[in-house]
Amino acid sequence: MITVVEFNDFSWKYKASKDLVLKSINLKISQGEFIGIMGPTGAGKSTLCCCINGLIPLRTRGWIKGNVEVLGKNTRTAKMTELGQRIGLVFQDPETQFIMITVEDEIALGLETLGLDRVEIKNRIEWALKLVGLEGFEQKSPDELSGGQKQRVAIASIMAMRPEILILDEPTSDLDPIGKYEIIELLEKIRKEFDLTIILVSHRTEKIVQFCNRVILLDNGEIKFNGETSEFLKHEELLNKLGIYIPIHLSQNGISQYLKFSEQISKGKYVTTEQDPIIEISDLSFAYPNNTQALKDISLKIFNGEFIAIIGKNGSGKTTLIKHFNGLLRPQQGEIFINGNPVLQYSITQMAQIIGFCYQNPDHQLFKNTIREEIEFGLKNLKFPDDEIKNRYNEIIDLLDLRKFEEIYESTFYLSKGIRQRLALASVLVLKPEILIVDEPTTGQDYRMIQEFMKILQDLHEQKHTIIIITHDPRVIAQYSKTVIILDDGNLIQKLPTSEFLKNEELQKIAAYTLQ
Amino acid sequence: MTKLHPITRISIVFILSIIAFLLSNIFDLIILLIFDLILGILTKIPIFSRKFRKIIIGFLIANVSVFIAWCLFGKISGKIIFFEAFIGNWHILITDQTIYGASIVTIRVIIMFFLMLFFFIGTSDRDLIHGLRSIKVPFAVSLIISITFRGLSMFQQEYSIVKEAMMTRGVEFEHASIPRKIYNFIQIFMVIIILMFKKTEDMAASIESRGIPFRSKNRTTYHYFPFQKKDYTILIGLFTLLLFSIYLTLINKSFVFLFLELF
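Chains as they are written, first to last, in this note's numbering: chain S, 408 to 923; chain L, 3 to 265.
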């Protein structure tokens with residue numbers, strides 16, 4: 408086998424970081440391998456990818472020891488242009504990879520750099536779009552694409568350049584479970600067809616185990632495991648220590664395990680009372696200005712104390728629906744009642760005290776410099792008395808275990824994504840809303856962070872909060888939600904207990920739900 | 003207009019705007035305005051549709067304010083005095099020449115507004131980028147323009163998300179006092195600046211990671227925008243008109259009067 412990547416006692420430290428991010432890495436990757444890179448957040452996975460692509464050290468400042476040879480070139484002396492053209496790197500956020508104004512131009516950008524003629528560029532654009540299932544999308548602008556489609560375009564624009572090594576850093580984070588599966592399946596197809604070397608960074612053990620030949624487990628900049636996928640799951644103690652999810656359905660009967668979880672939580676401490684609905688929707692329809700019919704005649708009741716997961720394929724109308732709950736979107740047809748009153752009767756300030764809303768990306772929600780300012784902002788804005796602000800602040804900072812971070816970090820800017828997400832939740836919860844809505848709480852987070860965050864939501868639920876989450880994560884749906892609401896193409900398919908959903912394969916198919 | 007080369011489209015806007023500045027006779031300007039509107043009608047751009055009606059009404063209101071301001075502060079002496087008053091040190095003098103000068107300025111602004119409107123409706127950001135590349139503007143320039151357009155689109159998206167996120171925390175935008183509104187918008191921009199900073203870094207990494215250099219001898223161009231006969235004809239016509247307007251300015255004559263003298 409030809410070695411395409413070789414790390415020799417390689418260490419790296421960013422100019423701004425205190426400690427080494429990669430420590431004495433020795434690693435060989437052969438042509439045609441499908442490598443899975445795993446590890447908790449901050450383990451050095453993305454840094455390793457940038458070292459292979461040459462962004463480190465060619466375009467990043469830092470301290471370096473040892474060498475990395477990729478395709479026979481030492482990354483210290485090679486040209487970034489050459490490495491970039493031969494080693495494709497797909498980043499986690501497809502939004503920032505879209506440089507041009509249409510899909511066609513985006514794919515053509517790299518091909519023009521390769522010096523190809525018009526006919527060849529046209530052929531490759533068509534080929535790459537067919538490969539990712541986006542034929543006919545040539546003239547679409549990024550604003551017209553869903554998150555999943557953008558991720559496919561990012562892969563297509565790299566694949567069109569026919570790289571020898573393809574590196575993907577969490578490329579499916581925004582996709583629904585079936586979309587995720589399709590992309591990884593596609594990668595496997597490409598690998599076989601072109602004898603391509605693929606390096607995939609993912610938190611999803613199921614995907615890694617199913618498709619990769621070899622797994623590299625990183626922790627704190629060191630390789631903790633490097634071996635055959637079949638051996639990987641045997642290291643249960645190590646995986647548990649690093650907070651790596653061990654997919655139960657691969658070792659035992661998965662669905663029955665999840666059913667057990669689901670039945671346990673339905674017998675939880677707090678039981679929903681189906682009396683007066685806290686949210687009632689009747690005949691709700693909504694279309695966006697570009698005439699996309701996002702919601703179609705939805706009628707629904709949500710009761711006090713429910714823990715609901717709203718599920719469905721990408722673009723099924725989940726976010727549009729929840730934005731109607733707190734009046735961010737106004738119904739074009741139909742009515743919404745909160746605690747029996749029309750939603751539009753409430754002012755913005757009143758609504759903030761009834762419904763708390765946590766965004767997928769905490770960066771959208773945090774705008775103050777310190778943890779204290781951030782948490783107190785909502786209360787001060789609503790002109791709460793000073794004593795009440797102080798009491799609520801102390802209550803929430805302890806509830807979400809944020810006090811230690813307040814002492815360590817002067818500014819919220821330096822907090823990790825997981826802690827920022829917790830702070831965003833604190834800033835919403837401090838207003839003591841009856842209903843808490845969380846949009847995609849698990850995207851891009853490692854298993855341990857997901858568990859910690861979901862535990863907080865579970866505790867809040869037991870304190871009689873109504874929790875509504877939007878998620879694509881099959882584990883979260885099965886382990887935490889009592890009820891699921893399934894949406895498909897703007898239609899409400901069904902609201903039913905999670906345990907029943909897990910027994911119904913047809914509904915799982917509609918919701919793009921898979922444990923694979 | 004949409005079938006013309008983007009550079010021809012840009013030239014129409016710029017050259018006719020320069021001509022509007024050069025012409026100082028009201029009849030010449032009215033002819034140019036009529037030509038401007040005919041151009042708009044010929045290009046079938048729906049400027050009077052509901053979508054653009056608000057913009058046009060808003061502009062016309064602003065233009066009336068320009069006219070009034072010119073009249074109130076112009077202080078140009080003339081043969082006929084319509085109105086004269088002193089308010090403290092402020093001397094208001096409205097004469098026939100004030101009205102004439104205000105009309106000229108107003109018509110010039112209207113001409114340029116419609117030209118810009120036709121250009122922006124009829125030219126996509128993509129046309130502009132390809133047009134620039136077709137006339138061999140350096141790749142780096144067209145890439146920066148493309149990133150700027152993408153940045154604007156991202157900015158717009160981020161703005162609405164951050165604004166919504168603030169509203170969910172009880173921040174009023176509609177019914178707040180003006181100082182409070184300004185404070186709230188500053189908060190939004192602070193968040194967006196940080197977000198855009200991160201996104202810019204990621205975009206730069208994305209360009210670098212694909213091995214796209216700013217300068218490359220090998221680079222080809224996928225899109226082909228050839229200059230057609232009609233582009234050459236229009237450009238020659240425009241430059242002739244521009245030279246003629248410069249000539250009229252130099253000899254201090256009006257196009258209409260020169261035409262009447264000849265015939």
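Since the hints were made in silico from the structure, they are not lab data. Fair warning: there could be bad hints in the mix.
Listed next, the in silico DSS-like pairs over lysine-lysine satisfying Cα-Cα at most 30 Å (straight line) [stated by the list, open to error]:
1) S:K703 with S:K787
2) L:K46 with S:K547
3) S:K529 with L:K138
4) S:K824 with L:K232
5) L:K81 with S:K730
6) S:K547 with L:K56
7) L:K219 with S:K486
8) L:K165 with S:K824
9) S:K422 with L:K201
10) S:K422 with L:K200
11) L:K81 with L:K255
12) S:K486 with L:K201
13) L:K138 with S:K775
14) S:K486 with L:K138
15) S:K839 with S:K631
16) L:K200 with S:K472
17) S:K730 with S:K420
18) S:K775 with S:K797
Everything numeric in this text was worked out from a predicted model, so none of it was measured.
For each hint, the structure was consulted:
{"no.": "1", "hint": "S:K703 with S:K787", "result": "violated (39 Å)"}
{"no.": "2", "hint": "L:K46 with S:K547", "result": "holds (24 Å)"}
{"no.": "3", "hint": "S:K529 with L:K138", "result": "holds (21 Å)"}
{"no.": "4", "hint": "S:K824 with L:K232", "result": "violated (56 Å)"}
{"no.": "5", "hint": "L:K81 with S:K730", "result": "violated (65 Å)"}
{"no.": "6", "hint": "S:K547 with L:K56", "result": "holds (28 Å)"}
{"no.": "7", "hint": "L:K219 with S:K486", "result": "holds (15 Å)"}
{"no.": "8", "hint": "L:K165 with S:K824", "result": "holds (21 Å)"}
{"no.": "9", "hint": "S:K422 with L:K201", "result": "holds (20 Å)"}
{"no.": "10", "hint": "S:K422 with L:K200", "result": "holds (17 Å)"}
{"no.": "11", "hint": "L:K81 with L:K255", "result": "holds (21 Å)"}
{"no.": "12", "hint": "S:K486 with L:K201", "result": "holds (25 Å)"}
{"no.": "13", "hint": "L:K138 with S:K775", "result": "violated (46 Å)"}
{"no.": "14", "hint": "S:K486 with L:K138", "result": "holds (26 Å)"}
{"no.": "15", "hint": "S:K839 with S:K631", "result": "violated (43 Å)"}
{"no.": "16", "hint": "L:K200 with S:K472", "result": "holds (28 Å)"}
{"no.": "17", "hint": "S:K730 with S:K420", "result": "violated (43 Å)"}
{"no.": "18", "hint": "S:K775 with S:K797", "result": "holds (17 Å)"}
In this structure, the hints that do not hold are numbers 1, 4, 5, 13, 15, 17, in rising order.
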